[in-house]
Structures are given as structure tokens and as C-alpha cells.
Amino acid sequence: MEEVLSLNGCLEGRPGEPTCGVKRESWTVLLDGEWIFCMDPEDNGKSQAWHRGLPEKALIEAGRPWEYWFPGYDGVGWYEKDVIIPQSWKGRENVVRFEAVTYRCEVWLNGRSLGVHEGGFMPFEMPLGEAVAWGGSNRLTVRVINPPIDREVEELRSGAPLNQSNLPTGKLGWYYNFGGIWQPAALKSRPLVAFDRVHVFPDLSRNRLHLRVRMNNASDPVEASVTFRLRERGSRKVLVTFEEQVELEAGKMEFSREWPLDELGLRLWSPETPVLYILEAVVKPFGASGSDRIRETFGVRELTVREGRFVLNGKPVILKGFLHQGMYPRTLALPESRREAIRELRLLKDEGFNFLRIHLKPAPAWYLDLTDRMGLLVMHEPPIGWIANSPKTRERCISEVHALLTRDANHASIIAWCILNESFHLLGFTPPEISRLSFDLIRTAQAIDPSRIIINASGGDATYSAAGPDTMLHDTSQIHQAAGALLPWQDEVQPISDVHVYCQFPSGAAKAQTYGEMSSKHPLFVSEYGAPEIPPDFESVLARYTERDVQTGLEDWKLHHDFWTSLRASYELSGLRIPVQEFLRQINEARAEEMRSITHCLRLNEQVAGYCFCQLADASGELFGATDVWRQPKPVYRALAEAVQDPALGLLLPHRVVEDGNLRFSCSMASDSDFVYDGRVVFRVTDSQGREVWSDSRDVRAVGRSVSLFDGVVDAPMAYGLHTLTAEYTDGSGLSRNDRKDFHVTEKPSPMVAPVGMRSDCESLPAFFEKQGACVEMYGNNYRLKDYPLFLHFDALPSNRNFYVELFGQLRKIVELGGCAVLLGAEMHALYRCLTPTHIRPQAVMRTCGYTVEHPVFEGLPCGRAIDAAYAEIYTEKLDSAEDILAAGGEILAGAFSMNMWTRPADYFWGASLYRLPIGRGNLIVCHFNLHDAQESPVATRLLHNLTRYARSLIKPGGEEYLMSRCIDPLPASALQSA
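If you count the sequence shown from 1, position 470 lands on 470 in our numbering, and the numbers rise without skipping.
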């Protein structure tokens, strides 16, 4: 009987470890429990012979990163453990196996070197050799280098988008740079003749089941019998048995076999019926005692592409799911238990999602066992992220691809491999070099696994850009350069439009509709979209950490703590009167509604073969998750779940601020396949008190993937203020689908009667004011009027620098003497000294959480709250430093908070998009909202009217005589006093 020896018994529920009573297919000593651990920050351990005994006696456990005990530590760490190796293992093939160690690992047994391994995510083995003390205590020592992000250790450094390195470490240099023996380890003993691996590949198109068997013969050449038995998982009934004799040469050798699928009678694996089979293989050498046995679990399925659609087992399927970053609380790298992993996957499965893109951090094998059993489709990737070119890069990338596919080739849930991500961010490569690398890697993958789709680069092929990390392309669907894909059992590379399509938030109907209008002559797979900044409920997240977590200073706890502290500090100065928790709730609800509309439009687009929201859970500084780090759903998760219902209903409103109740909207339903619509839809508009002001209903009779239910204008009187539009579809089967959208009714502004001064590079802005009844006086360097507002809009600074000094020199005098100017889209940092006496710096931002305060400039518009889709037509992420504005005595009227997506430090940036800046006796109003095309936007129209009225109210009379001087002449020191 096979024996299992655990040094500390079973650790029930720990990922990757067997539960009590499980028999292994080889003799095993589990290296679970405690290890002696010693940090080596100065890297002195080798020179001081620590492999013969560590100087310190700290205790940690293998199976999770060392950051759980020593947060933030990068560099060299040493592990030590005494183990008893049974006498019965003598004369067998004995190895130490690690499921994953990050990143470089050197191992000694009883002071004798066993070898060195590089790579942070895949299993590896080292022979124990002659160093074993049979039946007695053996000292196992492991030296690990977790490459730092800011320096090299033995030429190893972990990179990220802003500081690439030549190591394939995924996002570790960006998120949490964890290290150590972070997955289980064990000593294993096998017969001299044993299986190395068995891969099972179904080929539905040719009705074949392919076996690829790799054997290891550590003895002389020998003849052996090999028996294969096939049964369904969960059943003891053997469906078929094959037996044959093979000649095994010394060393490693491979052989292949094929069986007709239809003769085996196997059922197909799919998300609806995740049927798995177990292939048991036994090898027994003739004339020798002992045998080796291996069991491999697999499923019969095939995903390919036909006529622009993904096809699973011959039937069209739309991939709909999430990008999975693989980051978790406390451990950083793993779910704390299988129960938590199952809860995470069940969250997807129960809400109608069918797909996970496991991104740049290979999942542990046990996690993929769960996706196999639960019926989720997986695209799996090696950890080749923002890598830099070097003499070792290619070899390292090939090694990662080879190890990933070798380990995971039998997982039924994996339906595709993707090799690179956003390859235009690779550093030091020419486009042809990146292309050659990517295609070499997919050929490497195909040599191991010919049965799956293999995509060379998510986000598109590399041939269109190699600008490095400064080129963060937000919409690769516009590049018109497809990625390359190998389809199952085909040698010719096929084009596939694997695109990343992001947009600014808030996003309105116009942006959502662009997702419905994307097209390609190739299969269109939106492998990334979304990524709105949706901060979690920080208080709830932090409350889940234990006192031990807080005292230890776990990295993920500290990140959330620091973000929350930073946000609250800025929020207290923002001028918002609502609690910060209410503000975050509003942001989450707004982004949820917008993502539902975008996803609905993706479903209306019949060219889209699949879509993948970025991302499932918050990961370090990327607070983009549909759930928080604990996998607690946010509002956006619920909205996405509603959007992927089959069928789903969606409303679109071109404008969320409408004048005098002139509401236009459209409503449609979408399904993954042809659906019989036989029901009734009811529309209602209610005011802020819940009173119905308009309704309509109509029968729906249609068949298809989508159907339009309404596209028109509501002609009904509506009071000014907040209103809600709802739509509900029901049919006789009990099916009910609904959606709702808020909108604001505002009064059409009265005509302007007073003049305004104007200088604009945009013709539409003066035309707008003239249409509103204003007399427009064109501003120039001889302009001397200060009794009405000035509007200046520049798409770019004047190329004539003398003209530039003259324009703003005269403007400064007008303002200093009590005038008021409104600058639209100005580059304020460039106006220091020539216009502003203080330096107003631009504020760098990632994603933003915008807001407006209660103020006259927002009369008739939603204000004093988070910015939502009502401002989508005019919103901008162009912000100026709130710190500089307040220091200059300014007043912020609209702004935004933005977390530092790059993680370190975990700060929120704060900037202003609309503010008042006092200069002398007068004021500048700086507005970065996009108002130059106001004639098409009710919200822009209202805001320009309000700005004009407010600016006029700020003007102070006096000092006009000082404007008679030339524009280049400064005001005399006495001018402001006398004015």
C-alpha cells in the first residue's frame, strides 16, 4: 500500500494539501507545518554557510508567502526543516517537490546542494541523490530570492509597467511582491520506472482521444506492461481497459496513443454538465518488483472559432466573465481555504457568468480542479507581463510557457491559453522582435498542447506599437491589428480581434453605444473592459482583519488603511457636506449603472464573441473590482449580473439632464442566442415624490438575439428636478426584466442680455453665446473692458510667445483691478507669473471619483454629491492640484479623488476641475469641463449660463483708468490700493 507521512498531521481545508485519509499515488512526506526561517537582508548567508545551519530560529509555515510574517520584506530568505526519510525509500527514485517558490530557489540536503530553480509559479523537483541519512533525521535547507523592485539581488529584480525588468513575475512588482515557499512542498518516492506525466487531449473534429505519455526509467532498459483504465469521476465502474507492452529505454521517453471517441461513449464536458473522467495508468516492469500508478482527471470538450463566434462542442457560446488577478487578503497569493475559493467561484456561477481570464498569475492546480468540477471556462496565462528585453528574456518566457502547459494541460475548464498581455508595453524590443517572440511562444505551447486555442497577445499583436510603458492604450479596438491565434489541431495562425476597450467615467449613452458599434472582420473578443474606480467600503474591509493582522502590519491591511486615511484627509477639505461613506456609495451606484449599460450594449453587438470585465476583485492599488478584496460584491457586481441575464433589458438616455421635460430614450432586450419574446413592456416616468407623470405600454412579439422595445421622445410636462424612468418586461412564463434610469429636468435658460468678452480657438463657443442672445466682444491685447465677464478658451497656447505675453498680461491687469475671467481648459501651470502669481500645478490622476459642491454655478443641475452620468457629456479628467489652489486662497467647486493605481504610496490624489482663484481685487474661474460644444448638451448650456451669471456677480467696479496703459506695462504699485 502507498504510504503518506505528514510531519504534523493533516491541515484540514488548507489549499493544496490533502485531507486526512487520502492515499497518494507515490510515497510522500508532506513538508507542511513550521519551518525555521531567517531573513538575510545583506545576503551573507551563503558566505557564512547557512546551508549547514541557520543562525536564527524564527518559525513560519510553508504554503503561504513569508510576507504573512514579515510584511514588505524583499530579498533573500532561508528556510530549514529536519525530516525523517524512511529506510523503505532506499533504492527508489526520491525527490523534493515544491508546488511553487518565488522566485529563485536553491536547496541543500544535509549540507549538500540539490540544485537551483528559477521561476515563481510552477512546480519543480530536485533529486535527493546520495545525501540522504536513511531512517534518520535529515536537514533540508532552502534559500529563496524574492527579487526586490528597487534593486537587484544576483541580477534579479521584479518589474512592473513603470520599471520593467527581464523577469516573468507577472504583477508582483506592481501589486504585492510576495516571496518564499508559498505553495505546498513534499518529499516523494517513486519506483525506478515511473510515469513522468500523462496528457489526455480530446479531438472532437476527428473523433479521437489522444494520449501522450512520458516515462522516466532510472534503471537499465526494460520491457514493461502499461495498463490504462477509464472511469467517470465519482464512479468505480471501469468503462474501458487498455493494456500493452512497451520497451523503455533508460532515461526519459515518450509515446502516444489514440482511441476513437465514439467507441468510448464519453459524455461532453460543458459549464452546464461538467462531466469529468479519470484515466488511471499503471506501469509494471517485467522481472522487477513494484509498479507505478498515476491518475489524471480530464474532460471531453473543444472550444474553437467558426464564423466569428466561439463554438464549444459544436454549439455557439459567448464568453462572459471576469479578469482574475489572483490576489487575496492576508496571504496575498491564495484563498485561505478551499471553502473561500468555492465561494468565490460560486459567486460567478450562480449569477450566470461562465468565464474567467486568469491573468498573469497562474492559478494553483487545486484551484483549477475546482473550476473543472464547477464548470467554469478558463483562459490561462503565464506570468509574462511588462517584461524587458535581455539575453535571458526569451529563455525565461519559454520556460514559463512550457511549465504552465505541462502542469495544466489536463484541466477541462481551460479552453484557451493566452501568452502575452498588452505586448506594446514590452521594453527594449522592436515590433518585429515582439512579434517573433510571441509567435515562437505560441508554437512552444502548441507543441505541448495542440487541442486548445492559443492566443499570442491579449489586447492585440505587438506590431503597431513598441513605445513602452508611456503608451497606455485605452482602446485597442481602434488599432485594427488583430492578435494571432492557433486553433485546435491547426498549424496555421488565424487572426483574432482580442481587444482591450476602456473608457472614461462617468460614461453616458453615447459611449456605451460605441461598444455596441465595434466591428471587426475577425472574431471580436473584448478580453478587457471596465476598470472603473469603485472604492470599497473601507470600514467594512478593514473590520475583517484581525488584531494580529493589524499588529503585524499585513501589506493588504496597510494598503487599505492608508488609502482610507488619505481619502478622508482630502475629503474633509473638499466642501462636500455629505458623509464620505455616502459619497462612496454614490460613486459605486453611478459606476454600476454605467457598467450595466456598457455591458448591455456589448450584448446587443452580435459581432462580440465574448467580454471580460476588469476585474473580479480589488487587487492592491487597482480598486476596480466587482467585489472587494474579501470577495464581498459591490453594486457593480449586481449590475453586471443583471446585464448578463438571458435575456436582459436595458435603457439608454442620450442626455441625463433635459430641458423642460424633453426626454429621449431607447429600450432594448438582448440574449445570447435567438429568443422568443412574447410579452409586454411597461414604461413609467415618476417625479422625485414617486408620482407618475407619464406611462406607456406595448406588446412585444419578436424572435432573435435582440429586440428594440422603444426609441423615441416622451412628450409630457414635467416639473423641474429629479425624475426616474423605469421599464419592465414580463411574459406569461413568469419572466420579468427591468431597468431604471434617473434624469434631471432643468428649466431652459433665459436669454443672455449682457455682453461677454471672448477669445476662443473654437468657433462654436462664440456662436453659442450669440445664439443665447449675448453680444460677444472679441478679446485681444488692446481689450480694456472689465465690467462684464471674459471667456477664454485655448486648445493650445499661442505659438507667438510675444502675443502670449500680451494677451495674458492685459488679462492679468483686468482681473487684478476687479474683473473676472473664465478660463476654459487652460494649462494653468504655463500661466504662472504671466497671469497667476502662484504656481498651479497639473494633478496627475488615474481613474477618478468626481464631485460637485453646492454652489450657484450648478443651479438647476445635480450638485453637492458624486458626479454621475448626468455630467458624462462634459466630464474631464483634466485636474489641477487642489493643494496649490487652496494655498492660493482659491475655492474648489468641482473636483475628483483618484487612488494611486501604481500602489506605492497608497495615497489618494485630489484635484479640481472647476475652481475660483482670487488675483488682486478680482477672480479667475478655471473650468476644465468640456463646454466648447455646448449647443449639443443641455448640461453644458446650463453650466455656461450659470458661469456667466456667477462671473458677472464677482466683478468689482473701480480702477478702469489703469487699463489705458499698454498690455505689456505692469500696474503701478498704488493701482490696487486706489481702486
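For the record, the hints were derived by calculation from the structure and aren't laboratory data. Wrong hints could be hidden among the right ones.
[As the list claims (entries may be wrong)] Capping the alpha-carbon separation at 30 Å, the derived lysine-lysine pairs in DSS-like fashion look like this: (1) Lys521 to Lys511; (2) Lys57 to Lys46; (3) Lys57 to Lys81; (4) Lys511 to Lys558; (5) Lys349 to Lys90; (6) Lys878 to Lys748; (7) Lys46 to Lys81; (8) Lys511 to Lys771; (9) Lys349 to Lys315; (10) Lys521 to Lys284; (11) Lys748 to Lys771; (12) Lys237 to Lys284; (13) Lys46 to Lys392; (14) Lys81 to Lys315; (15) Lys90 to Lys237; (16) Lys252 to Lys392; (17) Lys511 to Lys284; (18) Lys90 to Lys284; (19) Lys748 to Lys956; (20) Lys771 to Lys956; (21) Lys771 to Lys57; (22) Lys511 to Lys237.
[Stated by the list, open to error] Cβ-Cβ distance ranges computed for the label pairs, FRET-style: (23) Pro495 to Asp350: 33 to 39 Å; (24) Pro495 to Thr241: 41 to 47 Å; (25) Asn802 to Gln935: 30 to 36 Å; (26) Asp696 to Phe803: 22 to 28 Å; (27) Ala830 to Asp696: 48 to 54 Å; (28) Val713 to Lys878: 50 to 56 Å; (29) Pro633 to Asp82: 43 to 49 Å; (30) Gly428 to His829: 30 to 36 Å; (31) Met374 to Arg585: 51 to 57 Å; (32) Glu351 to Ala830: 24 to 30 Å.
For glycine and all other residues, C-beta sits at the position ideal for the given N, C-alpha and C.
Hints versus structure:
no., hint, in the structure
1, Lys521 to Lys511, "holds (22 Å)"
2, Lys57 to Lys46, "holds (17 Å)"
3, Lys57 to Lys81, "holds (11 Å)"
4, Lys511 to Lys558, "violated (36 Å)"
5, Lys349 to Lys90, "violated (48 Å)"
6, Lys878 to Lys748, "holds (28 Å)"
7, Lys46 to Lys81, "holds (17 Å)"
8, Lys511 to Lys771, "holds (28 Å)"
9, Lys349 to Lys315, "holds (20 Å)"
10, Lys521 to Lys284, "violated (54 Å)"
11, Lys748 to Lys771, "holds (13 Å)"
12, Lys237 to Lys284, "holds (23 Å)"
13, Lys46 to Lys392, "holds (24 Å)"
14, Lys81 to Lys315, "violated (53 Å)"
15, Lys90 to Lys237, "violated (36 Å)"
16, Lys252 to Lys392, "holds (26 Å)"
17, Lys511 to Lys284, "violated (65 Å)"
18, Lys90 to Lys284, "holds (19 Å)"
19, Lys748 to Lys956, "holds (29 Å)"
20, Lys771 to Lys956, "holds (27 Å)"
21, Lys771 to Lys57, "violated (81 Å)"
22, Lys511 to Lys237, "violated (56 Å)"
23, Pro495 to Asp350: 33 to 39 Å, "holds (35 Å)"
24, Pro495 to Thr241: 41 to 47 Å, "holds (44 Å)"
25, Asn802 to Gln935: 30 to 36 Å, "holds (34 Å)"
26, Asp696 to Phe803: 22 to 28 Å, "violated (57 Å)"
27, Ala830 to Asp696: 48 to 54 Å, "holds (53 Å)"
28, Val713 to Lys878: 50 to 56 Å, "violated (33 Å)"
29, Pro633 to Asp82: 43 to 49 Å, "holds (46 Å)"
30, Gly428 to His829: 30 to 36 Å, "holds (32 Å)"
31, Met374 to Arg585: 51 to 57 Å, "violated (32 Å)"
32, Glu351 to Ala830: 24 to 30 Å, "violated (50 Å)"
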